[in-house]
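**Q** Use these hints to put chain B onto chain A, whose structure you have.
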Amino acid sequence: MTAVEPVLDLGWVDEVLLAGPDDEVCLRPGTPVTRAQLRTLVGERQERLAAAGLRQGGTVALRMPPSLAYVANLLAAWRTGAQVALLDHRLTQYEVDRAFETIKPQVVVSGAATGGGALRIFHKVTETVAAHPGQPAATGHALLQLSSGSTGPSKVIGRTAANLVAEVDRYTRIDGVPRPGERIVVLASMVHVLGLVGGLLYGLHARARLVVPERLTVDHVVHAVGEDPEPATVLGVPFHIELLAAVAEAPPLPQFVRMTTGGELVRAEVVQRFTDRYGATLGNMYGMTEVGVIATDLFGKHRPALEPAPGIPVREENGELLVGLAASPYVGLSDPTRFVDGWLHTRDGGRVDPQTGLVTVRGRLDSQVSVGGLKVDLTEVEHTLAGLPGVGAAVVVFDNGIQAYVMLSDPAAGGGLADALATRLAPYKRPRRLHILDQLPRNATGKLIRNSAALRAAAGDTKGEEAH
Amino acid sequence: MPVTFGRDQVVEMLASYGDRAPEAVPETIDSLELAWLIHQVEQRYGVLLDLSDDELVKMSTIDAATEVLRRTVAGT
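For the protein sequence lines, the chains are A and B, in the order given.
This note's numbering numbers the first residue of the first sequence as 80 and each following residue consecutively.
This note's numbering numbers the first residue of the second sequence as 1090 and each following residue consecutively.
Certain hints may be false.
[To be verified] Partner residues aside, some chain A positions facing chain B, computed with beta carbon under 8 Å: (1) Leu198; (2) Leu295; (3) Thr296; (4) Phe318; (5) Ala325; (6) Ala327; (7) Leu344; (8) Gly451; (9) Leu453; (10) Asn479; (11) Gly480; (12) Arg511.
To be clear, the hints were calculated from the coordinates, so they are not data collected in a lab.
None of the values given here were measured: they were computed from a predicted structure.
Ideal Cβ placement from N, Cα and C applies to all residues, glycine included.
Isolated chain A (complex conformation):
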């Protein structure tokens, strides 16, 4: 593996993202924000970060919900030439403490959503900037992201500025993406790769206005699409298609040209309902935190197959999809079988058509699942649960949400499990239900059985203890 030299570029933010006319509205989270206003917000944040000790080559962690403050801090840190670690704001203190053992930020920006924030896409936050006993960047990555890990601490994924710019450029070369002067209605989280690069960074670069509906309801989304005449692309996850398709009838929205989602495919009847209601094209993308966008089908022409994005080599090996990359995306210790000889093993099952080169994704080969577009490794949930005092053994499966089957070593521990888990796992990773069993089902050789139906049967009429 070639080590990435810790030289952090800082000119790219102005050149690639912030350039453009002062009075052009680039972001619309309710109140419109012009490029001049965004540059001012970024400048203010840069001063505040500098006052907390952030320098070029330094490190900062952003632990805040998607918000204007998040966008301003992110761009400010990059403009300083610092390395930014993004932490999902729903991670528990326990998860954050463990992440900080690996990423060691010198400055931490935290932001709590004020006023609850249920169904908000952009939150109103009060931010706190604090120095933290960390270290300067050990690599030249501009962005560090955590991935739910199957063993122990989360994997750390690094992207250089050049790599992010290359992804933005890749988007510009894909037919069907929003063009300058058009709009992107962003429902996907800008803290994760799809909303971050496909939404925020691409939109700023391409001068396609980023519109953030006030709330995640059909009315607010429809209003956001309909409030201006420019063509709009809605960027989200499959759940958002289901939600929008659930309307009995939709108002005429001629400017609604496309809805693009990442993640698993929605059922054919939902596609049909969505198309009947809105007449917009449903586009599909395949990507991952390690790479960004890998393949797309923005016209729904190849469904369920996708066309590799420009410059992204994809091949199939033993039923697994492999993506060619110049360097390993992993920072620090990682599973050596994930990146071999310039190929990232995606752990996604799939095939590449030898004639057309089209890629079909067939689901995970490991224990990772998608919860509302966020990746969760069930092994992480299982290990965390099994590590709690009073738990003898645990099996975690995905069956109408995350389900945990637990055998206690201390019968008194059952009542406190949900609370104990809540201190260790972010809400989206927690089991929807904890089933306490006297014995977990095992096969003839004594191995724990992971079949959902068998587990459900073993749980019998035992009412699961409600989690969360």
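**A** This is chain B only, laid out in the frame that chain A set:
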């Protein structure tokens, strides 16, 4: 005529997300289910819910959501 609105209706609307059996609907409501539920209520009862952040945060379980919605939809 007063609108009937109770726990059963909330469970039924939540079950319509992903075609689940009512027994398979967990007591806790996650954010996607909440978005789904709000939309279902608006559509079925012909109301436009303008709930405050506080009310939305409260709706994290079926019982709590039923209480907030009963007040708003049925006015009881």
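**Q** What hints, given by number in increasing order, does this structure fail?
**A** Checked against the structure, the hints that fail are numbers 7, 9, while the rest are satisfied.
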